[in-house]
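Please take these sequences and the hints and turn them into a complete structure.
Protein chains: 2
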Amino acid sequence: MKTWFKCVMFGALALIAAGTALGDEGLWLFNMPPDVMLRTKYKFDITPEWLDHLRLSSVRFGGASGSFVAPEGLVLTNHHVGRSAIQRLSTADRDLMKLGFYARSRAEELKVPGMEVTVLQSLEDVTARVLGTVTPEMNAIQAAEARNLAVAAIEKEESQITGLRCSVINLFSGGLYHLYRYKVFSDVRLVFAPENLVAFFGGDQDNFTYPRYDLDVTLFRLYENDAPYVTPHYLKWNTGNLKEGDLVFVSGHPGSTGRLLTYSQLEFLRDVSYPWTLAHYARRRAGLKDFSRRGPEAARFALGTLFGIENSLKATTGYHSGLLDAALMEKKLKEENDLREAVRRDPEMEALYGKAWDEVARAQQTYAEIYKLYRFFEGGAGFSTTYFSTARSLVRLAVEKIKPESDRLREFRDVALPALTRRMMTVTPVYQDLEIFNLTDSLIQLQKEFGDMAEVKWLFAGRLAEDVAKDLVNGTELGDPNVRKAYLDGGFQSVALSNDPMIKLAWLIDPVSRGVRKRYEEEVQSVETKNGALIAQAMFKLRGAAIPPDATGSLRLSFGPVKGYEENGKKIPFFTTFKGMFDLAARNGYKDPYELPERVLSAKSRIKLDTPVNFVAACDSIGGNSGSPVVNRKGEFSGVLFDGNIQSLPSRFVYTDVQNRSVMVHAKGIIEALTNIYEAKPLVDEILGKK
Amino acid sequence: MKTWFKCVMFGALALIAAGTALGDEGLWLFNMPPDVMLRTKYKFDITPEWLDHLRLSSVRFGGASGSFVAPEGLVLTNHHVGRSAIQRLSTADRDLMKLGFYARSRAEELKVPGMEVTVLQSLEDVTARVLGTVTPEMNAIQAAEARNLAVAAIEKEESQITGLRCSVINLFSGGLYHLYRYKVFSDVRLVFAPENLVAFFGGDQDNFTYPRYDLDVTLFRLYENDAPYVTPHYLKWNTGNLKEGDLVFVSGHPGSTGRLLTYSQLEFLRDVSYPWTLAHYARRRAGLKDFSRRGPEAARFALGTLFGIENSLKATTGYHSGLLDAALMEKKLKEENDLREAVRRDPEMEALYGKAWDEVARAQQTYAEIYKLYRFFEGGAGFSTTYFSTARSLVRLAVEKIKPESDRLREFRDVALPALTRRMMTVTPVYQDLEIFNLTDSLIQLQKEFGDMAEVKWLFAGRLAEDVAKDLVNGTELGDPNVRKAYLDGGFQSVALSNDPMIKLAWLIDPVSRGVRKRYEEEVQSVETKNGALIAQAMFKLRGAAIPPDATGSLRLSFGPVKGYEENGKKIPFFTTFKGMFDLAARNGYKDPYELPERVLSAKSRIKLDTPVNFVAACDSIGGNSGSPVVNRKGEFSGVLFDGNIQSLPSRFVYTDVQNRSVMVHAKGIIEALTNIYEAKPLVDEILGKK
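Protein sequences, first through last, are from chains A and B. Numbers given in my numbering equal positions in the first sequence, counted from 1, plus 54. Numbers given in my numbering equal positions in the second sequence, counted from 1, plus 54.
Hints in this document: simulated from the structure, not taken from any laboratory. Honestly, I wouldn't trust all of these hints.
Lysine to any residue pairs mimicking SDA-like chemistry, simulated, CA-CA at most 25 Å apart [as the list claims (entries may be wrong)]:
hint: 1; chain 1: A; residue 1: 539; chain 2: B; residue 2: 576
hint: 2; chain 1: A; residue 1: 457; chain 2: B; residue 2: 211
hint: 3; chain 1: B; residue 1: 368; chain 2: B; residue 2: 334
hint: 4; chain 1: A; residue 1: 572; chain 2: B; residue 2: 458
hint: 5; chain 1: B; residue 1: 457; chain 2: A; residue 2: 456
hint: 6; chain 1: A; residue 1: 457; chain 2: B; residue 2: 189
hint: 7; chain 1: A; residue 1: 455; chain 2: B; residue 2: 458
hint: 8; chain 1: A; residue 1: 572; chain 2: B; residue 2: 463
hint: 9; chain 1: B; residue 1: 455; chain 2: A; residue 2: 466
hint: 10; chain 1: A; residue 1: 457; chain 2: B; residue 2: 460
hint: 11; chain 1: A; residue 1: 502; chain 2: B; residue 2: 511
hint: 12; chain 1: A; residue 1: 210; chain 2: B; residue 2: 461
hint: 13; chain 1: A; residue 1: 455; chain 2: B; residue 2: 735
hint: 14; chain 1: B; residue 1: 457; chain 2: A; residue 2: 466
hint: 15; chain 1: B; residue 1: 645; chain 2: B; residue 2: 350
hint: 16; chain 1: A; residue 1: 455; chain 2: B; residue 2: 572
hint: 17; chain 1: A; residue 1: 457; chain 2: B; residue 2: 196
hint: 18; chain 1: B; residue 1: 455; chain 2: A; residue 2: 465
hint: 19; chain 1: A; residue 1: 457; chain 2: B; residue 2: 572
hint: 20; chain 1: A; residue 1: 511; chain 2: B; residue 2: 525
hint: 21; chain 1: A; residue 1: 210; chain 2: B; residue 2: 196
hint: 22; chain 1: B; residue 1: 511; chain 2: A; residue 2: 521
hint: 23; chain 1: A; residue 1: 455; chain 2: B; residue 2: 334
hint: 24; chain 1: B; residue 1: 457; chain 2: A; residue 2: 393
hint: 25; chain 1: B; residue 1: 572; chain 2: A; residue 2: 466
hint: 26; chain 1: A; residue 1: 524; chain 2: B; residue 2: 507
hint: 27; chain 1: B; residue 1: 455; chain 2: A; residue 2: 456
hint: 28; chain 1: B; residue 1: 457; chain 2: A; residue 2: 543
hint: 29; chain 1: A; residue 1: 455; chain 2: B; residue 2: 196
hint: 30; chain 1: B; residue 1: 572; chain 2: A; residue 2: 456
hint: 31; chain 1: A; residue 1: 524; chain 2: B; residue 2: 511
hint: 32; chain 1: B; residue 1: 455; chain 2: A; residue 2: 521
hint: 33; chain 1: B; residue 1: 455; chain 2: A; residue 2: 203
Remember, it's a predicted structure, so these values are computed and weren't measured experimentally.
Here it is, written out as structure tokens:
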């Protein structure tokens, strides 16, 4: 445990002392914005036009965020969001992670294989349409089926009508259902990326900390019909300064929070899920570091995974620390008991909601029982290679595609198939040794946990994990896109009668995998959903106020003031400068992770050193918000969110703004770097509208 | 090859010489009877009442036949049809196969676990309803799907309306679809069975031969609500004699014939299917004979399987002999070419039907390619143990039951489920050593043919087949009906997450099994069905006459004269007597297979020795007709069919009545035996209506 743990403790305790001062909490829905709060506290009148423009200027990169920053399809996100794209475009001779990239002309822009960006065109409450199919006589499983059918029907119908990718998300654990209609861009080209050294300055060591000095920025351009996508919905650039106390907004896709979880769900995370996950990450991290030492190509390929794992390890450690804090847990329990007591006092409410918490608790017991089996089989932790993912997709697609849509696994519904097929046909560089290494590691764990299972014995046939992994990875032909195409075209028979060892493996473990998934869905998920919705209803009734839902990866709006904070009695200013970056590098002898690329060092004399690089604001955010645009009252692009400080992590469960801050790259810093480090004048002109 | 092979040859040649004299060919439908033929040739006016009474007096035993012979649910069939029931009721201490059985009172009747008997209540042409769902744009696979959906819908609807088991059968390879509605009896009790020695006198050696002297008869009683089922539809007993030339009728369930198969289908049978099947039977027969020598219990358990295999081996050898006869094949080819030539001369017919034969021929090539894989996996020849059948049913039921009905494998449609479940819950004696022996044998073959497949390697894990079989048979808990019940109740999860080794095996091979089944259904079966129907249509149009369809296991009527025949220049009389039986036994020193039970020997003085035991008639029949009642013009029970002579076997493909005869137990012989051997006066009184 490092010092930040104490800070977290301090934060949590401060919160509990403060009692109700929860700050600007909330990852709000664009169709249920916190208008009253903004008017009352900030005298800001949020208008539908302002909201629509921000929403249509926001983009989604898989599980992360970005925004249009110029009329011709130019989108800005974090370097770490674009990381896998940049790696996919790299070769042994030309490592764009190391070298950075700048397309001086449109012709030089690099199309990213298989990359997709989506923009939320419209959203609509469909709760009545979904929940109207559930009758009181249904049990949790039947109700889940009815809801799933309704959701699938809406998604399909809306996709057909609009030609957009339509997805129904559920909020408040199934209390509300909203339909999101996305425009999909599948021609995404890389325009600009800095060197990884400057984007990820401070490395894993400084990840989730502040002060920071990272140019965590990358620019892509979205194309349609081979021409840049032209849109009026882009964010004008704020070329001015930000002051302490300025109100800013974050528009992005926070992945998940657990603030409305019951106490038993938090216990499950604390005692079952996080401990396993942390041990898993720690082992993977050590392994990948070893692997990286095999040589520069090994290191290059391991880098992406390693970054993700280190990032998750640190984040999860932070989340876990919150749950390990007895005071925080006690507060959670008290809140829950207060709510349950209020429910109990009203016989009608007691009849409706009284059993919800115990049912969720029982589901946690089941989940604990099946957790490892679920992770290893359905979660794929036992078969960690990209080839297995492909094989499983082929095997399941073969089975699911011939079923009526309503009966398929969700990820094989018609609306999902084009993206799935495209993903499977994407040609991406694969490093065989890394695949063998990853698979070996996962097979060792699999054998340790489930060595007595027939499937595992069959697979190993008395051999060492490494030999099994080698035979599978070297034996499969799934690396060849023509082979994948043949299976996709050949349908069930061709996959069922395939002799590819990876496909055989996918068939071998599928019954167990589906079995544990079904147990999870029926005995855990559907129980959580049903009762979570009941608990949310009880809360609405008793508190009578709008509560923002937990994050679900859908577009959200949060807000708060630009604001420094105190740590260990020291004031931390709200922004950092280029001077600070050079000073930090110098103090560390320009050594990893404070090495700076030659291009940056040699530009030092040209750079205005007092230009802000990063800044913080007391806005609610969480993983998935990476790449989110941060705008001022006028809706102007003022920075891009790339992190939260270490004190932000326990906010996954209990929000506080005492020290919790989102960390951004400053809009001014981006322009300064593009101008004086990368000499990217045409790009700056495009961004500032001077073209 | 024994002498009968020459006889077959002679028969076939005689037929070809005779040209058109095809005799009383035809396994006719009860709703399309050969009325004109009967009127013209036999001056017999077949009436709807006569037909309805015969149909409602006929019963179905699985794949075989029987009839009501008294008002209170008494049904008569062959001893070899009741064989598995008799074995199931036997124990080591009381072997009913050896001892025979007679219930002197209703209370002594023995209920057979899991046995079902059905009676065809009504039938209806639903061709328009089924084929109306097929449009001209559909390809063979789509058309098959449309037909299957229509069939499933009709079966389900009709079952719900009538409470009967409704099944749509297709005739002329899909040219006609008829709906059969069956009343199901599942309380079936054993009333009388002779000793196997007298029922199967002459054993395998005399099987499919004539003259014969077999008392191949068993009586059951059908119960409903624990009381005998009372019906006006039973056959009055013909106590008179039969004369040469007397017209008789056979009502029963012939299993399959291939008279309308194309030449390429016959070649497939001759060159691919029969050779494999015969080698398989021969090997199994030798193995089971070895196994029987382990001791009396081993012999007792092996007996049932052995009988079935010897029977099939002899029958298939006979069928094959027809196809190996160049003259027969040449005739078939000429007939086909003539038909094709006639089609070719009419451009409209050529457009509709011209390609049908070549498409069927292409399907045969595919079938040849996948034949062994199909037999070993989907056909189960690689996993020969009753436990595997149970495991596969559980595994597939788990998967299929959660699908909508129209998407399920046919055998898991709703109408089929009650019988399937009942079958799975039936408690039947199992002899572990025989299960291990059978499984070992099949695994050895599996490894020989498919030892390179991952599934087979996994299963063997370097061990000997016998050790694999032992682990599976000794390791499975599926012998326990409570365990089977738990899986049936537990649904998908419980089967998917089971650790039972036999269930694991069923999961392991299911993808390959389903894959080859799908190839078969799509590339062979649906092509044969589509084009077979076209060929039948062409034949109807060109010949303009009613042709009876090939046998499909559904209830059929055939007819012909009681008639002896010539063999090697010697006249074979149409009936045999008890005297002949005793003489044959004596000539063979009363040694196996001509041993007679003590009870029969000691009854010799009481028996009228000139009473007929067996007789023959020139009626069309084939396997599945076993147990069929044979009636005279008045519809009176005159005997029970139990065999065909060796010359009847090539009639599977080309009918001739020169020597081809059905072999029956004579009604008079049955009464004589019941009276004077078994002293079963109450039973005789019941049969003769003297009670």
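ask   = For this structure, which hints from the list above don't hold up?
value = 13, 23, 24 and 32
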